[in-house]
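Put together the whole structure using the sequences plus the hints.
Protein chains in written order, with the numbering used here: chain A, 56 to 366; chain B, 760 to 1167; chain C, 41 to 336.
Some hints here could point you the wrong way.
To be verified - For lysine to aspartate or glutamate, the following EDC-like pairs were computed, each having C-alpha atoms within a straight-line distance of at most 20 Å: (1) K878(B) / D209(A); (2) K138(C) / E245(A); (3) K1111(B) / D1041(B).
What the hints assert, rightly or not - What follows is a set of in silico ranges between Cβ atoms, one per label pair, in the way DEER data are often shown: (4) R327(C) / V184(A): 48 to 54 Å; (5) Q208(A) / A1101(B): 28 to 34 Å; (6) V131(C) / L202(A): 55 to 61 Å; (7) R1093(B) / V184(A): 31 to 37 Å; (8) L307(C) / L226(A): 49 to 55 Å; (9) A197(C) / L156(A): 39 to 45 Å; (10) G203(A) / Q832(B): 30 to 36 Å; (11) A197(C) / D1041(B): 40 to 46 Å; (12) E174(C) / P1058(B): 28 to 34 Å; (13) G925(B) / R327(C): 53 to 59 Å; (14) Q208(A) / T1008(B): 43 to 49 Å; (15) G925(B) / L176(C): 32 to 38 Å.
To be verified - From chain B, some residues computed to sit far from chain A (all C-beta separations above 12 Å): (16) K841; (17) P842; (18) V957; (19) K984; (20) K1054; (21) W1061; (22) A1087; (23) M1137; (24) I1165.
Quick caveat, the hints were computed from the structure, so don't treat them as lab data. Since we're looking at a predicted model, the values are computed, not measured. Glycine is no exception: its CB is placed at the ideal position from the N, C-alpha and C atoms.
For reference, the chains in residue letters:
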Amino acid sequence: MLMGFSRAQAAALVVMLAIIVLAPMVAYPVFLMKVLCFALFACAFNLLIGYVGLLSFGHAAYFGMGCYLSAHAAKVWGFSAELSILVGGFTGAALGLVFGLIAIRRQGIYFSMITLALSQMAYFFCTQVAFTGGEDGIQQVPRAPLLGFISMQDDMAIYWLVAGVFLIGFLLVHRIVHSPFGQVLKAIRENEPRAISLGYRVDDYKLIAFVLSCFIAGIAGGTKALVFGIATLSDVTWQASGEVVLTTLLGGLGTIFGPVVGAVIVNTLEFYLSPFGSWVTVTQGVIFVACVMLFRRGLVGEIGAKLKVAL
Amino acid sequence: MKISRRGLLGTAAAVSTLPMASARAQSKLPVFKIGVLNDQSGPYRDTGGVTSVICTQQAVDEFASQMKGYNVQVVAADHQNKPDLGASIARQWFDQDGVDMITDVPNSGVALAVSAVAKEKNKVHVNSGAASSDITGLQCSPNTVHWTYDTWMLAQSTGGATVKAGGDSWYFITADYAFGHKLESDTTALVKAAHGKVTGSSSYPFPGTTDFSSFLVQAQSSGAKVLGLANAGGDTINSIKQAKEFGLTMNIAALLMFITDVNALGLDVAGGLHLTESFYWDLNEGTRAFTNRVKAKTPDNWPNMAHAGCYAGSLHFMKAINHIGPVAAKASGRAIVDAMKALPTEDDCFGKGSVRADGRGMFKSYLFEVKKPSESKMKWDYYKIVQTTPPEQAWRPLNEGGCPFIKA
Amino acid sequence: MMTTVLGYNIGPMLAQGVLGLINGAFYALLSLGLAVIFGLLNIINFAHGALYMIGAFVAWAFLNYLGIGYWPALVIVPILVGGFGMLLERVFISKLYKLDHLYGLLLTFGLALIFEGLVRNYYGSSGMPFAVPESLRGATRLGFMIMPTYRAWVVVASFVVCISTWLIIEKTPIGATLRAATENPAMVQAFGVNVPRLVTLTYGAGVALAAFAGVMAAPVYSVNPSMGSNVIIVVFAVVVIGGMGSILGSILTGFGLGLVEGFTKYLYPQGSGVVIFVLMVIVLLLRPSGLFGKAA
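Okay, here's the thing in structure tokens:
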């Protein structure tokens, strides 16, 4: 075991790294960056559902608010790239703390419904407040230079930044899961009453995990804002929340690489289906149904089960 | 874990499905691509949608014999009313797919985002479907032409004329986002300039509001003579239906409405309404001729002004390419737009007009009244003309827009 | 009338309240169906909004393709769509009972996407008009407002249906069986009741309620594919506030929240979209099981 990666996982990690490095030579970098941002978002989401057992149905709120605040930081405050992204992360975390305090009180389905409703509030907040630009969103966000002087204008330059951010986030999630803290989370997921009886302050653990997940979601959102130069309401809709659920479900809940694979597939599908209008929606629905009925473990989960490894 | 051959092949197959980096063009003649970017699945599907693509293709087909040393292709995509999706499609089109000009783009938020990308990549954006007068005002761009209509022109025509007809007190129902607010403020300014007054306004959450009864009741109790609807599409349709239901005695001014919305509403509900468009299929010989050429291709959805704008704007775009030559045109979108501004426009849909220095298309605007069912002889026979505003008065004066690169 | 209370005109406020009741009627009907389904199946039926939309859509299709009018549709459509719901339950949902309830949520979410996408694909989304039936056209002057007859009908009919449903569940033998099956399915099965069939019928009934609401909604809003997703989250909030398993809770909260939303539209229109969620948060902080719910 190397850093908590089993042999199989280490191999998969190497493959993933190789793809990240080689892909821009054959595929459109901007598309790849979109995949990476959403993959990171999905990893953050997966932390909660896969390892803590909490289905946060309004996770787009943290991603989207991260998007907005990062955009604002880069455009209006003139922050450099990494600071803007961090602003996004802390926004996600702050919102996560507030919403988490309200939602953690309940469990299971109630938790999901509450997170959904809270994210709707965030959505309405975004439609009202001036700085978000309402329907237009925050546009013409500059590609702020990294550390204040490394230019990010070129697509490839910012690609490496995004790849770096993704990898850090990905490894961070992995680290959290394989730490003592992560073990407690797993115990909570398996049998919460037992964990309580063992003396763990279960709600605190859940809240911390929640805030961490929201932080990473905010980072993903902030990165996306810088790449695309825009932050809009569609980043905070419940449809966006539904999409990250789909991504993680398709890839495999509770697997390390599942969210990444899911993000690749969902975004590629969207890319190819978008000429066909609402077929995107229908296809997403079909995938949901298929995954829930037949492929509950998701793609990576199924592959892992066949190969008898945990991926 | 062994890397199997199957796995490798699978990966290669998977990679090959990813969007590729730019392919090298092998054709002999340069190909200009026009991208029609609009809402093909959402609330504006009939207002823009496939019909816009058909009209654009029509322009290309008609102009084919006049193309001097180049070809033109039309591509299309659905922006789903999302500025980020629209911007990323625009970016991809300009970077990867050799698209030179993007047209239609309803939804002001998306339009502004696409304008920014077009400016960054030095390509062309000929907008037909969007409303905000900021496109040629505060957010103007030397790479953008705003062809068909805008909030100022709508306010001027519907607003100003309604006031002149005796509607001197207004109450607004406004979609609570940039477009609605802009439409309301442009109209308010004109109402006040004509010595009318605004008794109040209701802003409602957008999107998602389908029930306007409470705002309508409020409007009625305000005592205003005119109900100004600063919204579009499904919202306008619902507002009007419900106004009818609640026996509203106010005069309704649908500030943005297309013939496609009238079709969805039905004449028994929409009859008597006033609205402004810059094109109507039955206006004159030219518009009828154009409609006859396209209607077979889009029998359920006859062209409205946005569709006509795609046709006319694309025609003018190609004339501009002719004017400066394909080499110069490929090199700089701005050069094409400058040529579009230099050449006068003329087509079957909008007649004779021009493109102003800030990118504003200057055409006549028409105030229409929707016919009652008894007055209409067939489907799509919906409008009768109330007033025509000549181009010099229909659009906001050049120096009032705040466009940064116009030196007054 | 222009009498004022605290500076606010009574007339317009009352008007808003009455209008709010109309919205409340739909909230009540929909949250009732949701509560019934959740009470017995423990499934959050995310497809509820889409099925409501399908009810409206089928009513429209009946009118346009088969010439079947509003009144027959009001009876036939809920039965048809309810039947479709039972099919869904048999084919998809029943397979998930042994799993974590979240899968039910995800499945119905997927179904909702499919229904909405299909309708939008073939019928666009500007909405299809549905005329108010002849017998219910016209309006009455109420002094402070003009009340369309059809909307008054909506409030009355919804109220009757809601109360009838509640009576059936609380006061009849079959209702008792239903409630018992919620508490202890094995025991009820041991008494010879076919519990799976009961569950299927219950889901169908809940869906039928949604479809009924859809038919009633068609003349009020145009029939458009997003009508379900526009309202579903509000309805969830209603159910959460009322108490997740409580039938009476959903009815009262539904109508009540409609009233509150109406008043907000008069006092602070921009907040009308969010007031329900704010209330939900407050209720959750003070009384987590909802206003009428049993403590978790």
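Outcome of the hint check:
| no. | hint | result |
| --- | --- | --- |
| 1 | K878(B) / D209(A) | 16 Å, holds |
| 2 | K138(C) / E245(A) | 16 Å, holds |
| 3 | K1111(B) / D1041(B) | 17 Å, holds |
| 4 | R327(C) / V184(A): 48 to 54 Å | 30 Å, violated |
| 5 | Q208(A) / A1101(B): 28 to 34 Å | 32 Å, holds |
| 6 | V131(C) / L202(A): 55 to 61 Å | 57 Å, holds |
| 7 | R1093(B) / V184(A): 31 to 37 Å | 35 Å, holds |
| 8 | L307(C) / L226(A): 49 to 55 Å | 51 Å, holds |
| 9 | A197(C) / L156(A): 39 to 45 Å | 42 Å, holds |
| 10 | G203(A) / Q832(B): 30 to 36 Å | 44 Å, violated |
| 11 | A197(C) / D1041(B): 40 to 46 Å | 44 Å, holds |
| 12 | E174(C) / P1058(B): 28 to 34 Å | 31 Å, holds |
| 13 | G925(B) / R327(C): 53 to 59 Å | 55 Å, holds |
| 14 | Q208(A) / T1008(B): 43 to 49 Å | 59 Å, violated |
| 15 | G925(B) / L176(C): 32 to 38 Å | 34 Å, holds |
| 16 | K841 | 4 Å, violated |
| 17 | P842 | 5 Å, violated |
| 18 | V957 | 21 Å, holds |
| 19 | K984 | 30 Å, holds |
| 20 | K1054 | 22 Å, holds |
| 21 | W1061 | 20 Å, holds |
| 22 | A1087 | 26 Å, holds |
| 23 | M1137 | 29 Å, holds |
| 24 | I1165 | 19 Å, holds |
Hint check: violations occur at hints 4, 10, 14, 16, 17; the rest are consistent with the structure.
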